[in-house]
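Engineer: Sequence:
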Amino acid sequence: MLLYTTTDLQEKGDHEKNYKEHLTMADQAYKEKREDKKRSLQNENVTFFSFDLEKCLATPRLQNNMLFYKRSLWTYNLTIYSCTKKQKHPICYIWDESIGGRGGEEIASCLRNYILSLPPDISEINIFSDYCSGQTRTIYVTTMLSVLVYDFNRNGRTLVINHKFLEPGHTHQEADTIHGAIEKVKKHTTAKIEIPRDWANLIRMVPRNPPIQVIEMQQTDFFNFKRVLIHQYVHRKIITEQEPVNWLQIKWLQYRTDSLSKVYYKTFYTPTELLRY
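For the sequence shown, full-length UniProt numbering begins at 1 and goes up steadily by one.
It should be emphasised that the hints constitute simulated quantities derived from the structure, not laboratory data.
Here are the simulated BS3-like cross-link-like pairs (lysine-lysine), alpha carbons at most 25 Å apart as the crow flies:
| id | residue 1 | residue 2 |
| --- | --- | --- |
| 1 | K33 | K164 |
| 2 | K20 | K31 |
| 3 | K164 | K31 |
| 4 | K164 | K237 |
| 5 | K251 | K226 |
| 6 | K266 | K37 |
| 7 | K164 | K85 |
| 8 | K31 | K86 |
| 9 | K86 | K38 |
| 10 | K55 | K70 |
| 11 | K186 | K88 |
Make a model of the complete structure from these sequences and hints.
Structural biologist: Here it is in structure tokens:
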């Protein structure tokens, strides 16, 4: 880190200030996450979930070192960990690279599948994820959530969706514990992993209470949100105050059924007013 390697006192002071601000924002993000999770356990109309993509799973799983450099088929696992007043529930969405990639459109499609499965009496959804620009903080996830609130509004449903991002370097989530449990079972299993479905079956074997629900995604489950963005939405680069939108600084995105075609956002977790664009 520059904080420990620089010898210039002024520069070192600036780095110390930036580091302290970074830790403060990380603490604020975790505090926000704890409060949202607590509210979901107390209010049946509020739900919370976090999500994360596990590292790629090689298929088949090879035990011979001579085969290490052979080309494997990658299997992907997006884990969602939800908390409601009724239960805590882990879900793994599984697919392989012959069906789809591991970018923003695939992530958005899995999130859409999950949100549509929620009870109709849910009026607030709080989502937490890491800061990965290519997968979680993308225009495709924003497009998907904008389409959802539009559809919910058309069906007479009132809903607020908050998507909040943890600070880089401080992104431990509930999904990480699920991934750790999967790795533990993988390490000790004698079952053969030869096709992607074998990974789905292995995940179902992971001892959890409640058990992990596994959803095997098909090609028809993935949506082309890039096309939706081009034909139905305008990707604005400025907010209503004519200031540029800096996606790298956004900590919080909000979507409302009572304010269609607008996305609200914050660049800090402090109690400041949400901006919109």
